[in-house]
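Residue numbers (my numbering), protein chains in the order written: chain V, 6 to 259; chain L, 3 to 414; chain Y, 25 to 206.
Derived by calculation from the structure, the hints in this document are not laboratory data.
All figures in this text were calculated on a predicted structure; none of them were measured in a lab.
Each hint should be verified, as a subset may be incorrect.
EDC-like, lysine to aspartate or glutamate: derived pairs with alpha carbons at most 16 Å apart [as the list claims (entries may be wrong)]:
id	chain 1	residue 1	chain 2	residue 2
1	V	Lys240	V	Asp109
2	Y	Lys167	L	Asp365
3	L	Lys194	V	Glu226
4	L	Lys314	L	Glu229
5	V	Lys199	L	Glu98
Stretch by stretch, here's where chain Y covers chain L in the computed footprint (C-beta under 8 Å, at least three residues) [what the hints assert, rightly or not]:
id	region
6	254–264
7	373–386
We treat Cβ as the ideally placed atom computed from N, Cα and C, and that holds for glycine.
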Amino acid sequence: MAMRPDGPDDVRGLGVQPDGDPQAAARSGGSGSSLVTSADRDVAQPIVVPNTLWTSVQPDAYGGVDASPFTHLRNLEGSDLVLSDTARWGQLEVIPTKADLIIDLIRMNSLWPLLSGLACCAIEMMSAATSKNDMDRWGMFPFRASPRQADVLIVAGTLTTKMAGPLVRLWEQMPEPKWCVAMGDCTCSGGRYKRSYSTIEGIDRVMPVDVYVPGCPPRPEGLIYGMMKLGQLVKERRGHWPERPIGPSVPEDV
Amino acid sequence: MTASTTPHQHPSADDPRILLDDQIGQFETVPPYPPRTEREAEFYSLGDGEMFLNMGPQHPSTHGVLRVVLKINGESVVDLDPVLGYLHRGVEKLCENSDFHHIISQVDPLEYVSSLFCEWSPVMAFEKLLDVQVPRRAEYIRVLTGELNRIASHALFQGWMALDLGGLTPILYSFIERDEIVDMLAAVTGQKLLFNYFRIGGVNGDLNHEFMSRLGDWMSRATAQHEANTQLLNENEIFVRRMRGIGVLDRDTAFRMAVTGPNLRASGVPYDVRRAHPYSVYPELEFDIPTRGHGRGGDSLDRYLLRVDEVKQSLRIIDQCLHNMPDGPIMAKLPRLLRPRPGRAWAAIEGPRGLYGTYAISDGTDQPFRMKIHDPSFVHLQLVGQLMKGNLIADTMAVMASLDPVMGGVDK
Amino acid sequence: MDRALRKRLETRFGEQLTGPVRQRHDQTEIRIRPADVPEVMRALHDDPELAFEILVDLAGVDTGTHMQVVYHLWSATTPDWLRVIADGMPRDDPRAPSLTGLWPGAEWMERETYDMFGIIFEGNRDLRRIYMPPDYTSFPLRKDFYLADDSARSPGGGVRHMEQTQAPSQATPSVVRRTVKA
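Take these sequences, add in the hints, and give me the full structure.
What follows is the structure, given as structure tokens:
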């Protein structure tokens, strides 16, 4: 691949301009420019991509800086800084072929959950994974212990304020594509602990959720139904993660 | 921080295009603030060759969200500090703002694998406050369903014990057994996990035909099935050698650490609340109190085998309940709005993990003034630090699993 | 109800009890001052006639006017539970002596009481928060800590919810009351 000519004036529209592109500088907080001082525009260089996908509801979360101004390579798809890859979310540059369908089917039928059982719903999740209601029939047997190897985060159990940090850290450590299932009433909306001083009223306040499985606890068959629905989402690439803003979708004055 | 207003961001080791915030936050094992207590200062100062290892709130052990900070020297654990609170839901405060009936459903998810015991203790305390006499049939039903729940909880303990040590098969057998029992209980209570069955003055619904037929069917094979499940593990050399001699708890330490339940009985002390301070209809029932580890103290294998013995005793009790079940009402006559006289009551029962107690204070209104729940798993987790001196990292799981904590109860 | 236990306690601790020995159902209750706690507990533990070996529970109570610490003990010599109430701590600076010298298992129970009420146990080597995050500033189970009541902002505010501590007579007439015609 030919090397591009050096020089800041040749940087394509999506990089950080050292002279302060307002969009990029505001997002990356200024220190991002130190990464793109090198004149090389190889793909291997760190590419600074401003975050336009989601912002936190609280303006001073994450210490006032935007959560992750980087890593969303989706914005680069339109440019020629990267090779276009049909296995990405969102806009595709080519017509989906049978290979994409097969890749989607593969993803759908081997969703590996992350062991993230917090409370009572974890027992029902384990019951859904064991002999009587077997989730292994749909490929979800290996409950990975490490988030780096997991596809689905099934949050089973009440999320407390102390646990919210580690759980969001787990979510952020999972590589894309990833989905989230909110299992149980406590994760959907706070459930029976909605009035408590130390619980989060629903995990959609901290992370985007694709499937809500209500119940206290939901029966294993209910969880399996939720996973079936998730499989449909995966197959049709209808996951909410790129489009939906974080935060409760119920307006404040209700 | 420094003069720059932005926090320092460092690239992730996995992918240099991902930048992480500086504060790793809750995973800071060494607190940035000066230590607040003596124990913290002692723990967080590293000796020569020591390091911290964080078994974070999410880990493959199935007890729930417990964070254990290990101070290790090579492979052996020098000290450990459990950090709780990742499941603290404020149940006691919510109970103060709930009616007496609502409390039964609030208090269910505390020890979620043995929900009926979590209900039994507050219900007994409220019955003492209200001076309610529970009908005999209701008491027998309580004992029957309670012992079924105890067997289900111990079956799950066996599976978890093996799962924590790395064996993935016994948990399947445990869940087969547990699913049968909870389906039985679902026939009479309507729920598989958080039963919400006991009421102040009795139980919610009478035994029905489906429950009795399932129970009869299960009882005919229960002993054989339990034998088969335990044989899978008892004769496994790796399992036994990983647990024998690990985490020895002797009698004096157990008393001083306020240990109760199977952990205390595995250290040679025959203390069982059902016999030491009888409640319900246990005085009329015949059962033994198995103990292990006389004289030398109990190790993890003793605690495991003791729970296996207890299942046999529970089967005996269920048998007697079925034969002696009296007829009669299942609920005492109580007004809809319960307003006990101002007073205090304490009730303790023998749960599968130990003594489960409730201290209830009533101020004359329809909501309790204070409800303190004493959970055995909470007290037993203090033991892990003491029992782990000198053992290896992998033994942490053996010790913790053998104490059988349930984080819902620990964190309330 | 063990009358003999009452006599034994009254003779042993006569002047240290700040109230009568009360008995109800299967519980015997004594009240002492917080400063007397280590002495009384040691006597209860060591005395062969009393021999309360097992500390079963340690609870904090906020009565609205003052704070209490309530201990429950069990002994093989009596069929009753013994409840010891260390009464009369001021609400703004509650301090109590720690029992970790006698029962090291009380350490976490005292930590929990500190976390929920703010009662400082002098002598506990590890008095830090156990349930709430370490930078939390309130003490949740105190009576002046109110649960956030979002129903006050809702259009249905004023209706008696189960969460609000109200006497039933204060409920607004819009509440539907079921009268059982029996």
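Against the structure, the hints come out as follows:
{"no.": "1", "hint": "Lys240/V / Asp109/V", "verdict": "5 Å, holds"}
{"no.": "2", "hint": "Lys167/Y / Asp365/L", "verdict": "14 Å, holds"}
{"no.": "3", "hint": "Lys194/L / Glu226/V", "verdict": "12 Å, holds"}
{"no.": "4", "hint": "Lys314/L / Glu229/L", "verdict": "10 Å, holds"}
{"no.": "5", "hint": "Lys199/V / Glu98/L", "verdict": "15 Å, holds"}
{"no.": "6", "hint": "254–264", "verdict": "holds (count 6)"}
{"no.": "7", "hint": "373–386", "verdict": "holds (count 6)"}
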